[in-house]
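Asks: Single-letter residue listing:
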Amino acid sequence: MQLDFVNRELTIKLVYYGPALSGKTTNLQALHRVAAPGSSGRLMTLETKDDRTLFFDLLPLSFRSQSGLAVRLKVFTVPGQVIHASTRRLVLQGADGVAFIADSRVSETQANTDSFMDLKDNLREHGLSLRQMPLVIQFNKRDLPDIRSDEEIAKLGAQGREPVYLAVAMRGLGVVESFIGLLHLTWSALDAEHDLGRKFGFDSIEFMNGIAQKLGEKRTTSELLSACVGGALEVLRPEAVP
Amino acid sequence: MTSPAPRDRVDELTVGSGARLEELVDRESLGQLATSFADLSGVGIRVFDAEGKLLADAAQPVELISYLSTLKHSRSAIESTVSSVKNLDPGPEGQAGIDGVSGGRYRVVALEHDGRRVGRLVIGPYFPPSLRDIPSQLLELEPALDLDRARQLLTMAPRVTDDSMDRLARHARAALDVVMFSGLRALLTGSMHLAAVRESYRELQSKQDKLQVAYDRLKELDRLKSNFLATVSHELRTPLTSIIGYSEMLLEGIAGEITGEQREFVTTIREKGEQLLTLIKGLLDLSKLESGTMSLRKATMEVAPLVRDVAQTMAPHAKKKGISLQAEVEAGLPALWADAERLRQVLLNLVENAIKFTSAAGSVKISARLSSLSTGGSADEGGLVLLGAQRTAVELRVADTGIGIPESERQRVFDAFYQVDSSSTREQGGTGLGLSIVKRLVEGHDGTVHVEANEPQGTAFVVAIPLKRATLRP
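From first to last, the protein sequence lines are chains A and B.
Note that this note's numbering numbers the first sequence so that position 189 is 189, with each residue one more than the last.
Note that this note's numbering numbers the second sequence so that position 277 is 277, with each residue one more than the last.
Note that these hints are calculated values from the structure, not bench results.
By construction, the Cβ of each residue, glycine as well, lies at the ideal position given by its N, Cα and C atoms.
Do not take every clue at face value.
Taking lysine to any residue pairs in the SDA-like style, the calculated list, with each CA pair at most 25 angstroms apart, reads [to be verified]:
id, chain 1, residue 1, chain 2, residue 2
1, B, 219, B, 230
2, B, 210, A, 84
3, B, 207, A, 114
4, A, 120, B, 11
5, B, 272, B, 291
6, A, 199, A, 132
7, B, 281, B, 246
8, A, 214, B, 178
9, B, 210, A, 125
10, B, 53, B, 90
11, B, 207, A, 83
12, B, 288, B, 48
13, A, 214, B, 170
14, B, 219, B, 411
15, B, 210, A, 83
16, B, 281, B, 443
17, A, 120, A, 159
18, A, 49, B, 9
19, B, 210, A, 117
20, B, 210, A, 128
21, A, 199, B, 411
22, A, 214, B, 112
23, B, 272, B, 258
24, A, 214, B, 116
25, B, 207, A, 117
26, B, 86, B, 60
27, B, 207, A, 63
28, B, 207, A, 84
29, A, 49, B, 186
30, B, 298, B, 367
31, B, 288, B, 300
32, A, 120, B, 197
33, B, 321, B, 456
34, B, 207, A, 132
35, A, 199, A, 216
36, B, 272, B, 250
37, B, 72, B, 202
Covered stretches of chain B, going by a simulated chain A footprint (3 or more residues, C-beta under 8 angstroms) [claimed, not checked]:
id, segment
38, 8 to 15
39, 287 to 297
40, 442 to 454
Work out the full structure: start from the sequences and follow the hints.
Replies: Have a look at this one:
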């Protein structure tokens with residue numbers, strides 16, 4: 001997180017992590033498609049080879065609160081291929097929240113696990129633990145055959161700590177839900193740590209609803225948040241959510 | 001000023017303060033873009049960065065303005081317009097306009113990148129087509145105005161409606177936005193490349209450090225092993241000498257007569273003791289050689305008596321196996337500067353090996369001749385003529401017609417404890433130390449030893465011991 005007191009500007013870094021070809025870039029493309037013009041910048045893709053990300057993709061989103069605080073969200077993807085370990089570590093540096101995009105297919109279970117361990121290792125390299133990092137998990141490609149069943153994911157998800165979302169990023173399903181879930185966790189953590197709401201007279205609910213609106217959502221934040229299966233998504237002041 | 005580390009640069013460009021206009025757009029290209037805009041619209045354009053520095057200037061001369069600038073009152077009015085245009089803030093709308101005394105207008109457009117103001121475009125002056133005549137305020141301000149001339153010049157001034165100007169300004173902004181986006185992408189790609197290379201280097205460096213530590217530790221362990229071997233061998237030898245000594249005394253009957261069976265047993269004890277002693281001596285030699293504590297007592301020595309002596313020593317052994325043992329020494333060999341005892345050990349070892357691995361009716365041949373030895377450099381690496389040197393050497397060759405050694409094993413036979421075929425060892429005996437001792441002893445004489453095939457069958461070990469430098473071949 002970068003805080004610019006002079007310009008009343010806050011920059012939050014969100015990273016989409018996961019194994020190769022799990023749909024990280026597709027998630028960003030879907031977000032970019034639904035984002036209202038003016039609230040999202042261009043989706044930048046840095047260096048691709050055969051449609052595979054080499055460095056990262058970057059989607060900037062912005063929001064200005066009524067109190068005048070400008071929030072800039074920078075959403076990154078890492079390159080999933082195993083060989084780009086050092087690039088992943090570089091991109092992960094300074095992340096405020098992580099969305100782990102897993103491939104739902106049974107055949108990809110090991111790749112998901114390896115990538116998750118890689119995330120854990122890389123966080124440790126930056127002196128962070130998985131426990132401290134706001135994290136959501138998305139099971140993508142729900143429309144493919146031979147996937148891990150909804151029941152299995154729901155059962156494991158309910159035992160786990162992180163909110164889990166089901167998605168078909170190609171068709172934009174579950175993408176906004178996952179993003180709002182990640183943003184909610186990240187914002188809550190940052191607010192708790194830096195007391196941003198009080199310092200800037202910033203209304204978190206207004207912020208979350210504003211972002212959802214800019215992503216073309218008619219549903220409220222709490223409706224979006226409740227789309228997760230399992231995990232502990234402690235809803236911020238639930239009574240205040242409209 | 002030092003530039004920031006690449007990874008910090010990536011942060012700065014993405015989540016930090018962002019890039020400046022000048023970093024995103026090449027100045028010359030910006031100039032060309034501005035000129036092209038001015039050509040298209042007929043209206044001048046200037047590009048300023050966030051600090052107000054002029055980056056590109058494609059001003060179009062407007063003769064009406066040039067004429068007015070020659071007049072006293074209107075000149076100061078024009079100067080004041082220009083300076084207010086320069087300092088005009090486009091406001092939250094990102095656009096602002098200003099009217100000059102001549103009726104000409106300026107448009108100031110904010111350049112934004114990643115939600116931040118990075119500069120301004122100043123477009124103008126342009127005259128709305130609705131302006132039909134010289135504004136009356138100009139007539140009041142400037143009594144000396146030549147109205148006919150001014151009217152004539154006004155017809156030549158660039159005419160653009162405010163609507164068209166809106167579109168032109170949008171176009172200029174959009175074009176620059178594309179350029180800035182590409183610029184940022186190029187900047188980020190470059191920084192990422194650098195950062196990724198640095199990161200990989202850092203990773204390699206840390207792996208290399210770990211390897212170095214492991215390597216140092218192994219070296220230390222190797223030294224400890226040699227020391228341990230030396231100590232243990234020494235400690236083993238002392239009681240063994242007593243065992244052999246006392247068995248000999250028993251055999252000599254010093255402790256009284258012994259029966260035939262007792263003699264047989266004691267003989268076995270002595271023989272096995274001697275075998276053990278040979279092994280321990282080998283270990284001791286090897287550890288001394290490895291730790292570099294073995295000293296060679298070099299002196300002038302003749303080769304022929306050495307070869308003869310070894311052949312004589314080994315003859316009964318060869319005969320027992322039905323192997324013919326021949327020795328051949330070239331006439332007139334120069335004397336060597338070497339440790340005769342150690343060289344004898346080398347030759348004995350090789351001949352013993354040869355006999356061991358040759359079956360009945362085979363032959364073993366020892367030969368000695370003058371040859372030359374290349375030292376230093378290699379033909380593969382180049383520079384042989386500079387790095388290498390030819391030295392005259394005495395070549396000792398032990399050739400057998402035995403089982404042979406596959407080419408892939410020929411280097412490894414000199415490793416301590418290495419045996420080509422461990423199943424044959426059980427049959428043939430041996431510790432696997434002999435050849436590694438041979439190699440070290442030969443190297444102690446600056447010589448070389450290698451294995452080659454002995455056509456049509458068998459193996460030849462070739463030892464080359466160089467002569468002293470003073471005895472180079474004339």
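Asks: Next step is simple, just say for each hint if it's right about the structure.
Replies: Outcome of the hint check:
1. B/219 / B/230: At roughly 17 angstroms apart (the allowed maximum being 25 angstroms), residue 230 of chain B and residue 219 of chain B satisfy the hint.
2. B/210 / A/84: The given pair, whose Cα atoms are some 22 angstroms apart, holds under the 25 angstroms limit.
3. B/207 / A/114: holds, 21 angstroms
4. A/120 / B/11: This hinted pair holds, its Cα atoms lying about 21 angstroms apart.
5. B/272 / B/291: violated, 28 angstroms
6. A/199 / A/132: Given pair residue 199 of chain A, residue 132 of chain A holds - Cα atoms ~23 angstroms apart, limit 25 angstroms.
7. B/281 / B/246: holds, 20 angstroms
8. A/214 / B/178: It holds: about 23 angstroms lies between the C-alpha atoms, which stays within 25 angstroms.
9. B/210 / A/125: holds, 17 angstroms
10. B/53 / B/90: holds, 16 angstroms
11. B/207 / A/83: It holds: about 17 angstroms lies between the C-alpha atoms, which stays within 25 angstroms.
12. B/288 / B/48: Not satisfied, since the Cα-Cα distance of roughly 81 angstroms exceeds 25 angstroms.
13. A/214 / B/170: The hint holds at about 23 angstroms.
14. B/219 / B/411: holds, 22 angstroms
15. B/210 / A/83: holds, 21 angstroms
16. B/281 / B/443: holds, 19 angstroms
17. A/120 / A/159: holds, 19 angstroms
18. A/49 / B/9: holds, 24 angstroms
19. B/210 / A/117: Cα-Cα ~23 angstroms, so holds.
20. B/210 / A/128: Holds, at about 23 angstroms.
21. A/199 / B/411: With Cα atoms ~75 angstroms apart, residue 199 of chain A and residue 411 of chain B exceed 25 angstroms; violated.
22. A/214 / B/112: Distance ~20 angstroms between residue 214 of chain A and residue 112 of chain B Cα, so the pair holds.
23. B/272 / B/258: holds, 19 angstroms
24. A/214 / B/116: holds, 19 angstroms
25. B/207 / A/117: Given pair residue 207 of chain B, residue 117 of chain A holds - Cα atoms ~20 angstroms apart, limit 25 angstroms.
26. B/86 / B/60: Distance of about 16 angstroms is within 25 angstroms: holds.
27. B/207 / A/63: violated, 44 angstroms
28. B/207 / A/84: holds, 17 angstroms
29. A/49 / B/186: OK: residue 49 of chain A and residue 186 of chain B at ~16 angstroms, within 25 angstroms.
30. B/298 / B/367: holds, 22 angstroms
31. B/288 / B/300: holds, 24 angstroms
32. A/120 / B/197: Cα-Cα ~22 angstroms, so holds.
33. B/321 / B/456: Cα-Cα ~21 angstroms, so holds.
34. B/207 / A/132: violated, 28 angstroms
35. A/199 / A/216: violated, 29 angstroms
36. B/272 / B/250: holds, 15 angstroms
37. B/72 / B/202: violated, 68 angstroms
38. 8 to 15: With 4 residues closer than 8 angstroms to chain A, the segment 8 to 15 of chain B meets the three-residue bar; holds.
39. 287 to 297: violated (count 0)
40. 442 to 454: Violated - the segment 442 to 454 of chain B has 0 residues with a Cβ nearer than 8 angstroms to chain A, which falls short of three.
Checked against the numbered hints given earlier, this structure breaks hints 5, 12, 21, 27, 34, 35, 37, 39, 40; the rest are met.
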